[in-house]
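Student: Put together the whole structure using the sequences plus the hints.
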Amino acid sequence: MSGIFSKAMARNIFYGGTVFFFLLFLALVYDTERELPTRDNRQNLSAEVIAGKKIWETRNCIGCHSLLGEGAYFAPELGNVYPRRGPEFIKAWMQSQPTGAPGRRQMPNFHLSDEELDNLVAFLKYSSEINTANWPPNIEG
Amino acid sequence: MQYKSQAVAMPYFIAAIGLFVGQIIFGLIMGLQYVVGDFLFPEIPFNVARMVHTNLLIVWLLFGFMGAAYYLVPEETETELYSPKLALILFWVFLVAGALTVLGYLFVPYATLAQATGNDLLATMGREFLEQPLPTKLGIVVVALAFLFNISMTMLKGRKTAISMVLLLGLWGLAIFFLFSFYNPHNLVKDKFYWWFVVHLWVEGVWELILAALLAFVLIKVTGVDREVIEKWLYVIITLALVTGIIGTGHHYYWIGAPEYWQWWGSIFSALEPIPFFAMTVFAFNMVNRRRREHPNKAAVLWALGTGVMAFLGAGVWGFLHTLAPVNFYTHGTQITAAHGHMAFYGAYVMVVITIISYAMPLLRGRAANSEKAQVLEMWSFWLMTIAMVFITLFLTAAGILQVWLQRVSDTPMSFMTAQDQVALFYWMREWAGVVFFIGLLTYLASFFVKGEAKAVAS
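As given, the protein sequences belong to chains X and V, one line each in that order.
For the first sequence, this note's numbering gives the first residue as 1, with consecutive numbering after it.
For the second sequence, this note's numbering gives the first residue as 1, with consecutive numbering after it.
For the record, the hints were derived by calculation from the structure and aren't laboratory data.
Take these hints with a grain of salt, some might be off.
[Said to hold, decoys possible] With a straight-line cut-off of 20 Å between C-alpha atoms, the simulated SDA-like cross-links for lysine to any residue are:
{"hint": "1", "chain 1": "V", "residue 1": "Lys221", "chain 2": "V", "residue 2": "Met10"}
{"hint": "2", "chain 1": "X", "residue 1": "Lys7", "chain 2": "V", "residue 2": "Asn286"}
{"hint": "3", "chain 1": "V", "residue 1": "Lys232", "chain 2": "X", "residue 2": "Met9"}
{"hint": "4", "chain 1": "V", "residue 1": "Lys232", "chain 2": "X", "residue 2": "Arg84"}
{"hint": "5", "chain 1": "X", "residue 1": "Lys7", "chain 2": "V", "residue 2": "Glu228"}
{"hint": "6", "chain 1": "X", "residue 1": "Lys125", "chain 2": "X", "residue 2": "Gly100"}
{"hint": "7", "chain 1": "V", "residue 1": "Lys232", "chain 2": "X", "residue 2": "Arg39"}
[Stated by the list, open to error] Just a few of them, taken from the derived set where beta-carbon distance is under 8 Å, the chain X residues facing chain V:
{"hint": "8", "residue": "Phe25"}
{"hint": "9", "residue": "Tyr30"}
{"hint": "10", "residue": "Glu35"}
{"hint": "11", "residue": "Ile50"}
{"hint": "12", "residue": "Lys53"}
{"hint": "13", "residue": "Cys64"}
{"hint": "14", "residue": "Ser66"}
{"hint": "15", "residue": "Leu68"}
{"hint": "16", "residue": "Gly69"}
{"hint": "17", "residue": "Phe74"}
{"hint": "18", "residue": "Pro87"}
{"hint": "19", "residue": "Phe89"}
{"hint": "20", "residue": "Pro98"}
{"hint": "21", "residue": "Lys125"}
{"hint": "22", "residue": "Ser128"}
Yeah, the Cβ is synthetic: ideal placement off N, Cα and C, and Gly gets one too.
Tutor: Written as structure tokens, this is what we have:
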């Protein structure tokens, strides 16, 4: 960089560029908010789903599993576990943990009540109905 | 050390290194749990180990950033810190809060912890990296604001350089974007969408300002190259970082329910994200080649050069590897992501914090540089940790490619756990590379205790 390009010019490009692209980002965020209702399955945000999301959070499920591909990669993706396994399997699975199989990855038992299990399943069902642009590639997640 | 108040940086650096050791121990536990699934179960389930591993990383990097700011700002502004006492009080508040949080994770069931800490008043917990209980989150805000007050007041009364302005901008951004951690809507898509305002706009946004400012500061000191030149580079690099990184947030919005145009915005802008890291590497080598003095602290120069290279590889190359939407469709949420995460965090943020510690710590201890013997050991730790991290990344990448193939591309896709069993060999190799990393870290610790002829006191 020669003497023609001064530090002051570099500074102005930095502030100008940052402001411009941040505003562009905000515009895209604004447009996203307008489009979300057609994609995010908000019409199915029932009281059960909301309670289920809280159970999901307070048991730190994301510490092992991923949900829509985000989280830890230690245990299966759960964004599509509802269509993959169905409600009864999910509940039975949670109740039978930990398997105690030697050397295998273990999931804690969270001692959820029937109502809590139903709420969690409702949340997973709602999650599976979000329009994710056809992700994941197949049912295995 | 030119200003007395710079000394408050020392406890911050010591705490940072201590927590770094804790982070790696929990990393080794998790790595082993990947292949010996019931290791330490039920005492330390994987999710708990992971919370401790990632939260310790964030906290020790924050300690490093704050220590760096306390060291750098007096020297840049040519004035004593506004309040060294406040800095010390905040140190203890942050350390105790951090320790209590980790103990809470380890000894209290997470649901009980949530209930006991007011998660029912404002539910913010249980989201990746933002697992902290409400009081901890509030504590982070209070500490950050008081810290920023201290730094900003110092800046106001002193010389204003580009380096200190960029650093301050980065630190303010860090505090402001953290506020999104208190926003947790019931709507999962919106939850995820704004969660990235903390996570992405931190590590691929404002933290890059901090990174670039710290690197520029150390390069001025160790090379003696003209400030005008270095600060011009600094502006160019952070311009590239934010111009690509802000819209680059879109690469997280492909598959979480956001509109599909993000696949275009995210792919195009994040494909450009390696450019600022490449510029940073060129910058570091260029400045060192044009140096006007031979700084006696060779180790600090090595860390500075290493930061450029490893940040480019980890954040730049490994980021690009899976950032294009058609590729990410298959790699999203696999071990490829883990591979990228490890080398990016190490190369960019771990290494820049060690760079500033390596440069500042001898000065804080009253000498321009450590003895030859201590520096040789420190450089050994550099190579051990860096090469180990390269191998951790390569093994996770291999595991990830296989996982993608078996579980997602194949005509007869395997279930998650079946595919995991198939790639176990790579997890074992990753764990051994992790052991080497830990040996490197212990070597690093040892380098602080090596005696020998110290270099003359800095002017």
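Student: Against this structure, judge whether each hint is valid.
Tutor: Cross-check of the supplied hints:
Proximity of Lys221 (chain V) to Met10 (chain V) is assessed by CA-CA distance (about 19 Å); at most 20 Å being required, the pair is judged to hold. Proposed proximity of Lys7 (chain X) and Asn286 (chain V) is supported: the alpha carbons are some 17 Å apart, at most 20 Å. With a C-alpha separation of about 9 Å, the suggested pairing of Lys232 (chain V) with Met9 (chain X) holds against the 20 Å cut-off. Using a Cα cut-off of 20 Å, the hinted pair Lys232 (chain V) and Arg84 (chain X) is violated, with the two alpha carbons roughly 55 Å apart.
The hinted pair formed by Lys7 (chain X) and Glu228 (chain V) meets the criterion: a straight-line CA distance of about 7 Å does not exceed 20 Å. About 28 Å separates the Cα atoms of Lys125 (chain X) and Gly100 (chain X), which puts this hinted pair outside 20 Å; it is violated. For a cut-off of 20 Å, the pair hint linking Lys232 (chain V) to Arg39 (chain X) is broken: about 45 Å separates their Cα positions. The interface hint given for Phe25 (chain X) holds, since its Cβ lies 5 Å from the closest Cβ of chain V, which is under the 8 Å cut-off.
Hint on Tyr30 (chain X) is violated. Least Cβ distance to chain V is approximately 12 Å, over the 8 Å limit. With its C-beta approaching chain V no nearer than about 5 Å, Glu35 (chain X) sits inside the 8 Å limit, and its interface hint holds. Given hint, Ile50 (chain X) at the interface with chain V, holds; its Cβ is 5 Å from that chain's nearest Cβ, closer than 8 Å. A distance limit of 8 Å between C-beta atoms decides the matter here; for Lys53 (chain X) the minimum to chain V is near 6 Å, and the interface restraint holds.
Against a cut-off of 8 Å between C-beta atoms, the interface hint on Cys64 (chain X) holds, since the closest Cβ of chain V lies about 5 Å away. Against a cut-off of 8 Å between C-beta atoms, the interface hint on Ser66 (chain X) holds, since the closest Cβ of chain V lies about 4 Å away. Contact between Leu68 (chain X) and chain V, as hinted, is supported at the beta carbon level, the nearest pair being about 5 Å apart and thus within 8 Å. Contact between Gly69 (chain X) and chain V, as hinted, is supported at the beta carbon level, the nearest pair being about 3 Å apart and thus within 8 Å.
The closest approach between the C-beta of Phe74 (chain X) and any C-beta of chain V is roughly 5 Å, which is under the 8 Å cut-off, so the hint is satisfied. Interface restraint check for Pro87 (chain X): the shortest CB-CB distance to chain V comes to about 18 Å, outside 8 Å, so the restraint is violated. Taking 8 Å as the C-beta contact cut-off toward chain V, the hint placing Phe89 (chain X) at the interface is violated, the least distance being around 13 Å. Of the supplied interface hints, the one on Pro98 (chain X) holds, with its beta-carbon coming within about 7 Å of a beta-carbon of chain V, less than 8 Å.
Nearest Cβ of chain V to the Cβ of Lys125 (chain X): about 12 Å, over the 8 Å cut. The hint is violated. The beta carbon of Ser128 (chain X) is not positioned within 8 Å of any beta carbon in chain V (closest approach about 11 Å), and the interface hint is therefore violated.
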